[in-house]
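Residue strings, one per chain:
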Amino acid sequence: MTDNKYKMVGNVPSDISVVRFATVRAQEIVALTKMIENPQTTKLIFQKLPCHMRRRAMSHNPNRMPRLLREAHKSQMAKSGPALKPKRPRRKYRRRPSRLLEEYKKRSSKMSWLETHLWHAKRFHMTAKWGYRLPEKSCARGHRFCHRSVAEHCLLVDISYLCCIEIQGPQNAIIHELAPLCDPKTGPTFGASSFLNGTREGRVTIFQKNSFSRGPIGLVTFLWRHGETPDMRTLWIWCHPAFYEQFLVELNSSYGSNSDSLIEQIKIKITLNKGKLNRFRLRGPLAHSVISNLLDKEIRKVFIASQSPGFVAGVDVRDPRMILPQSRVKEHTSVPSQCETVITSRSRLWDASVRDQIAQVRTSFPDYVVNGRRSQLLVPGSELPLQPEEIPIPLLIVNASHESSDFVPGCDVIFPAGWATAFWLALIYSGGHAGGLKDVESMNFEYRICSDLCLEVDSNAGKTAAAEQKVKLMEDYFRKPPKTRTNFIKLATPFPFSIDWNRLLIDWGYQVEQGFTVLRDKKLLNTLSLNKQNLLSEFTFSYPHLVAVTIRLKHGSPRDFSMICIPKMDDKFNSPINEPIHQDPGAKERKILRQQHSSQLKSLAKKRKESRSSDDKVKDFCSDAVIAIHKEKMRSLWLPPSCNLKTSYVRPVIGFVTKGDFGLSEGKGIGRGYIVIRSVPQISASLVLVRNPGTSLYMWAEIALC
Amino acid sequence: MVRFKNRYFTAEIIPLDNGHTVQPLNLKTYDILKSVLAATEQIHGEFGAAAIKNGLDVKYCNESTQIAIIRCRHGPHRLLASSLPFLSSIGKRKVQLQSMYTGATLVKCYKFLKKFHQEKMNEALKMCRTEEEKKKIFEIMSKTKYGL
Numbered sequence: 001m002t003d004n005k006y007k008m009v010g011n012v013p014s015d016i017s018v019v020r021f022a023t024v025r026a027q028e029i030v031a032l033t034k035m036i037e038n039p040q041t042t043k044l045i046f047q048k049l050p051c052h053m054r055r056r057a058m059s060h061n062p063n064r065m066p067r068l069l070r071e072a073h074k075s076q077m078a079k080s081g082p083a084l085k086p087k088r089p090r091r092k093y094r095r096r097p098s099r100l101l102e103e104y105k106k107r108s109s110k111m112s113w114l115e116t117h118l119w120h121a122k123r124f125h126m127t128a129k130w131g132y133r134l135p136e137k138s139c140a141r142g143h144r145f146c147h148r149s150v151a152e153h154c155l156l157v158d159i160s161y162l163c164c165i166e167i168q169g170p171q172n173a174i175i176h177e178l179a180p181l182c183d184p185k186t187g188p189t190f191g192a193s194s195f196l197n198g199t200r201e202g203r204v205t206i207f208q209k210n211s212f213s214r215g216p217i218g219l220v221t222f223l224w225r226h227g228e229t230p231d232m233r234t235l236w237i238w239c240h241p242a243f244y245e246q247f248l249v250e251l252n253s254s255y256g257s258n259s260d261s262l263i264e265q266i267k268i269k270i271t272l273n274k275g276k277l278n279r280f281r282l283r284g285p286l287a288h289s290v291i292s293n294l295l296d297k298e299i300r301k302v303f304i305a306s307q308s309p310g311f312v313a314g315v316d317v318r319d320p321r322m323i324l325p326q327s328r329v330k331e332h333t334s335v336p337s338q339c340e341t342v343i344t345s346r347s348r349l350w351d352a353s354v355r356d357q358i359a360q361v362r363t364s365f366p367d368y369v370v371n372g373r374r375s376q377l378l379v380p381g382s383e384l385p386l387q388p389e390e391i392p393i394p395l396l397i398v399n400a401s402h403e404s405s406d407f408v409p410g411c412d413v414i415f416p417a418g419w420a421t422a423f424w425l426a427l428i429y430s431g432g433h434a435g436g437l438k439d440v441e442s443m444n445f446e447y448r449i450c451s452d453l454c455l456e457v458d459s460n461a462g463k464t465a466a467a468e469q470k471v472k473l474m475e476d477y478f479r480k481p482p483k484t485r486t487n488f489i490k491l492a493t494p495f496p497f498s499i500d501w502n503r504l505l506i507d508w509g510y511q512v513e514q515g516f517t518v519l520r521d522k523k524l525l526n527t528l529s530l531n532k533q534n535l536l537s538e539f540t541f542s543y544p545h546l547v548a549v550t551i552r553l554k555h556g557s558p559r560d561f562s563m564i565c566i567p568k569m570d571d572k573f574n575s576p577i578n579e580p581i582h583q584d585p586g587a588k589e590r591k592i593l594r595q596q597h598s599s600q601l602k603s604l605a606k607k608r609k610e611s612r613s614s615d616d617k618v619k620d621f622c623s624d625a626v627i628a629i630h631k632e633k634m635r636s637l638w639l640p641p642s643c644n645l646k647t648s649y650v651r652p653v654i655g656f657v658t659k660g661d662f663g664l665s666e667g668k669g670i671g672r673g674y675i676v677i678r679s680v681p682q683i684s685a686s687l688v689l690v691r692n693p694g695t696s697l698y699m700w701a702e703i704a705l706c
Numbered sequence: 001m002v003r004f005k006n007r008y009f010t011a012e013i014i015p016l017d018n019g020h021t022v023q024p025l026n027l028k029t030y031d032i033l034k035s036v037l038a039a040t041e042q043i044h045g046e047f048g049a050a051a052i053k054n055g056l057d058v059k060y061c062n063e064s065t066q067i068a069i070i071r072c073r074h075g076p077h078r079l080l081a082s083s084l085p086f087l088s089s090i091g092k093r094k095v096q097l098q099s100m101y102t103g104a105t106l107v108k109c110y111k112f113l114k115k116f117h118q119e120k121m122n123e124a125l126k127m128c129r130t131e132e133e134k135k136k137i138f139e140i141m142s143k144t145k146y147g148l
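Heads up: the sequence lines are chains A and B, in that order.
Taking my numbering, I'd label the letters of the first sequence as residues 1 to 706.
Taking my numbering, I'd label the letters of the second sequence as residues 1 to 148.
Next up, chain A with everything else stripped away, as it sits in the complex (with noise of 0.2 Å):
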């Protein structure tokens, strides 16, 4: 070794310095030490562990470890990419009644659920609307069978969406701030006197403060208290959760615009019920009996059938879970149908305390303890008798009131927070009929009633509804093929998917920047159908207003969106009238277009292709922005062109259908629509014709102001 070591030291370079030697063997040593020092290790961390203290959970686990080691294990879990999804629990365990108020709680940040919705899921299609999981139509029951139930038995709705306002503070203070909001020339309004004694339910469009010709924000109902003294009410305003918002806004700036020391003078309260209070429509013959079955016997002997329509009686009942029958009742117990007596509108449902108080009974006397006290009776399915926990519930129950020509008996229940499956369950098996929201508006196409629960042509609920079916409606129509779409611009339909009021009332020579209304002037509207136009003086038919009006067919029905004309002159009742087909100037356009465009992406599609071989990669031809203009382009090409609906057809139009079908009440298609006020007078024997959507004959119809 020694020998080699001289002789390698011979052999270095005769110049080397001993000192160059040793630094540069100085420097290798440091090196070195650093190395062994700190090995490379590629161990994990728990490899470092004693096999003893080593488990098989803390694969996943990273708490299995001792602490010292926890986040070097932790972050080299993380490196080697995201954990597992937790397993999805399997469908009997997420089902489980127990777990489905988690489900509910998940799911309920932006959809708030109703009280029935888990009955209603089962058996209904729901469509989520104004914030809440509503039922739509019944996934068992046809449209006939439901038009059957309230022309016939009883129809049962759950309203819980509609939201409450509760105003209190002196009569005339609350009546003062609301006159505003509503016209007076519409019908009774809030301070009318059949109403003010809280025996009587009332309903009123309320408009924006003091702008009565703009389009108004919805229909109300109100319910003022009985028994109290004027210089402390309460008032109940029942509205919709479309233009509730709007509302809201209007009410804040009425009674917040005056100073707040007049505010503390006045002492007018307003609270939200909004979660607080359900109620539930029945419609139909049968629904005093249906409800019948939830009173006493003594009550039922009263009979709310007898009281007028719109009446309020305040009654006070059992828990329905006592008397739930075993079985559906299909026939009707028989009730007295005069009576002299008078049931109190009094009621406890307007104390806040004592809705609490109820709410609690609720849940401190659960389902199950009854069930199992049910159970225990010697003839099953029979009542049970009263028990101690229970308290009697306080119950309103308003008559449905006359609202247009058609009434159909029926009545609403309103009832505190919490009850809603209890008497929901009671109703439906005293022979209730479930509906959802497509049998409210066939209630409402059919007789007219409900119009609580539509919205308002003219309204900004209304008018967002109506945009977002146009949306919903040109989506469907431009997936069909192009060969298969109906091509409105021949067949001469000016709005296929939505009306346009604008249009009709610009075109009839009215100035519409402020808006158009629907003529609700009870006065003005009973001259008009009265045929005495020459009453009217030349102010009214100036404003941009439309009349609300009805048509029947004797052959054929209207549909959505159908047009109103009037005949000419000499035009023989029952002709035949026929609209030519129109020119389509869009045809040759819309083909030059799909040429063009498809040329187009070839050439970009080859020029990807050359920048993608060439490895340039300076320009980036996306087709995308191109396909988004041709889309849009497309379409308008499609829609028929905005033109003057006065002039463009064989037949002047006049107005549109809004809801057009067989009507079932009445045996003949039926439609509801509205029509420019201009032209009513020239309507001669309230004949009219009326033309389909995408069709081209002209129907006579009969037309009559409702």
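Keep in mind the hints are simulated off the structure, nothing from the lab.
Don't be surprised by glycine CBs; every beta carbon is placed ideally from N, CA and C.
Accuracy of the hints is not assured; some may be wrong.
[Said to hold, decoys possible] Calculated pairs, DMTMM-like style, for lysine to aspartate or glutamate (alpha carbon to alpha carbon, straight line, at most 25 Å):
| id | chain 1 | residue 1 | chain 2 | residue 2 |
| --- | --- | --- | --- | --- |
| 1 | B | Lys143 | A | Glu37 |
| 2 | B | Lys111 | A | Glu37 |
| 3 | B | Lys5 | A | Glu37 |
| 4 | A | Lys659 | A | Glu403 |
| 5 | B | Lys120 | A | Glu37 |
| 6 | A | Lys490 | A | Asp507 |
| 7 | A | Lys34 | B | Glu139 |
| 8 | A | Lys122 | A | Glu441 |
| 9 | A | Lys646 | A | Asp560 |
| 10 | A | Lys43 | B | Asp57 |
| 11 | A | Lys330 | A | Glu383 |
| 12 | B | Lys114 | A | Glu37 |
[Stated by the list, open to error] Computed, partial: chain B to chain A, Cβ under 8 Å:
| id | residue |
| --- | --- |
| 13 | Ser64 |
| 14 | Thr65 |
| 15 | Lys111 |
| 16 | Cys128 |
| 17 | Glu133 |
| 18 | Lys136 |
Here the structure of chain A is known, so what remains is to put chain B in place on it, guided by the hints.
Chain B alone, transformed into the frame defined by chain A:
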């Protein structure tokens, strides 16, 4: 999984042409690899070269101290070991390889190298002619001791 066992050969590279001392010995790992494969092919044929090729790597190569560590799989390492003395040139330079140590891990090789360098330093101390140089070397040595 079955464990891959390696053998690390530490070798000193001695240039044979001291006439060309002006040119620095340009040690490149790629050159060493190529020449090792060539030498093995010469001695043990195609089989030998192929057996060694998988896992053959030059893990450490230092120009100034002329040391290289070559890695090989355990098994064919005997072929490599037997053919290292016959390696005569790396790149264009004529060299002679002298293997000092065979380790199973790189850390063991480093430990050996550290001891080797320390012994060399002590000999350099003895080799010094002037007092000045001795002092300087003492300085450097103490530095490394502290750096340890």
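Hint-by-hint comparison with the structure:
1. B/Lys143 / A/Glu37: 18 Å, holds
2. B/Lys111 / A/Glu37: OK: B/Lys111 and A/Glu37 at ~10 Å, within 25 Å.
3. B/Lys5 / A/Glu37: 22 Å, holds
4. A/Lys659 / A/Glu403: 18 Å, holds
5. B/Lys120 / A/Glu37: The given pair, whose Cα atoms are some 21 Å apart, holds under the 25 Å limit.
6. A/Lys490 / A/Asp507: 21 Å, holds
7. A/Lys34 / B/Glu139: 20 Å, holds
8. A/Lys122 / A/Glu441: 22 Å, holds
9. A/Lys646 / A/Asp560: 20 Å, holds
10. A/Lys43 / B/Asp57: 22 Å, holds
11. A/Lys330 / A/Glu383: Holds, at about 18 Å.
12. B/Lys114 / A/Glu37: Holds. B/Lys114 to A/Glu37 sits at ~12 Å (cutoff 25 Å).
13. Ser64: 5 Å, holds
14. Thr65: Cβ of B/Thr65 sits 6 Å from chain A, so the hint holds.
15. Lys111: Since chain A brings a Cβ to about 6 Å from B/Lys111, closer than 8 Å, the hint holds.
16. Cys128: 6 Å, holds
17. Glu133: Constraint on B/Glu133 satisfied, holds at 5 Å.
18. Lys136: 5 Å, holds
Checked against the numbered hints given earlier, this structure breaks none of them.
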